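A.B. asks: Model the full assembly from the supplied sequences, consistent with the hints where possible.
Residue numbers (numbering that gives the first Met the number 0), protein chains in the order written: chain C, 0 to 88; chain H, 0 to 261.
In short, the hints are calculated from the structure, not lab data. Treat each hint with caution, since some may be false.
[What the hints assert, rightly or not] If the Cβ cut is set under 8 Å, some of the chain C residues that face chain H in the computed set are:
(1) V11
(2) T13
(3) F15
(4) D16
(5) E18
(6) I20
(7) L22
(8) T24
(9) F27
(10) V29
(11) K31
Please read these numbers as outputs of a predicted model, since none were measured by experiment. The beta carbon of each residue, even a glycine, is placed where N, CA and C say it ideally should be.
Here's the letter readout for the chains.
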Amino acid sequence: MDKYIRNEQYDVTTNFDNEWIILNTDKFTVTKINDIGGYCWTLLKQPQSVHTLTQAIKQEYEEVNESVEEDIHHFLSELLTLNLINYAS
Amino acid sequence: MNKIHALIGEHLIQITSNNIEFATSIFSENEFLIPDNELQLPHLMIHIEKGYGVPFVDYHIKVTKEKGKIHFQRADYLIETDEEYKVATVYVYDQLALKHALTNLYSSYIVYHNWGLLIHSSCAIEDERAHIFAGQSGAGKSTAAKLSHPRMLLSDEATLVKITPNEITVFDSPFRSEIKSTGLIKSCSLASVQLLHQSLENNRVQINKSDGFLQLMDKIFYWAHDPSETKKVVKLLETLINKVPIYNLHFQKNNTFWELIS
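C.D. replies: Right, dumping it as structure tokens:
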């Protein structure tokens, strides 16, 4: 299963009231994510797969949508496109 | 060679030039110039030369960094500075280029030294509290400034904001468009930031911090050339957002919007 990790070379992260903003200083993109996305972003300091993130979210949050695994997959695809994460070797 | 000093924010700036009248022409009515003071070391020394480049073409700035020097180059100006922005030479075509070059240099200086930000906005004072009006081009920054008369203005184009964890303070800005400084008020605590939208009705609604951050990020005078400098901009803006409320202000083209702010 593919694993991903934050591309920390260029990113600057800030958060306000459970909303997170990630600035990529190389691509000049600004990405705003919600609380659960921010939790995933924190975990992505270490290599994570869709499965490990899904399990972590289910443990951290009491109510989780059934589509969480699909949501995580979509979320990681977006972060990859924005060059905010890389495949972990 | 002539030498003169200016005080911008809390920074003593030494300006030298063979054409000192031209070099200090942006400091309206000499409100920012101070008597020669040899006792205090300047924070920033700027040498200004006229006769560079061509008339204004566009806002594109090429930034290069090599051998301990940073260069900001536009068609109508060139800035050469050391990495700490303590000693700089500014070559310009005309007065517009001079104003933009000094804005560029000073905003880079205050970010590098983590002092604060220069924000594309106007700023007026009501009851000893400063209120910023920001927006896209044409949103009404200078209109709001004019409609704020007879309130004192600290800026009509580029607001000079000192940012510390304890207080956010606006200083009188020399980087003006039309309305010159009176020099009567040097600084004032910042109470609010308005994001302007011209409208048929007045309405003022506080927005959440993350949206405020996103809206203000592209209104900072900053030319990205180094990720560590960009991080400083982000952290300074974060401190501001956490201390000062940000509002969407829909306003009629008259002074009644002040009833929502006062």
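A.B. asks: Next, verify each hint and record whether it holds.
C.D. replies: Cross-check of the supplied hints:
1. V11: For V11 (chain C), the interface hint holds, since the closest Cβ of chain H sits about 5 Å away, which is under 8 Å.
2. T13: Check passed: Cβ of T13 (chain C) comes within 5 Å of chain H, closer than 8 Å.
3. F15: holds, 3 Å
4. D16: holds, 6 Å
5. E18: E18 (chain C) check passes; min Cβ-Cβ to chain H is 4 Å, inside 8 Å.
6. I20: holds, 6 Å
7. L22: Holds - the Cβ of L22 (chain C) comes within 8 Å of chain H, reaching about 6 Å at its closest.
8. T24: holds, 4 Å
9. F27: Since chain H brings a Cβ to about 7 Å from F27 (chain C), closer than 8 Å, the hint holds.
10. V29: Nearest chain H Cβ about 6 Å off; hint holds.
11. K31: holds, 6 Å
Hint compliance for this structure: every hint is met.
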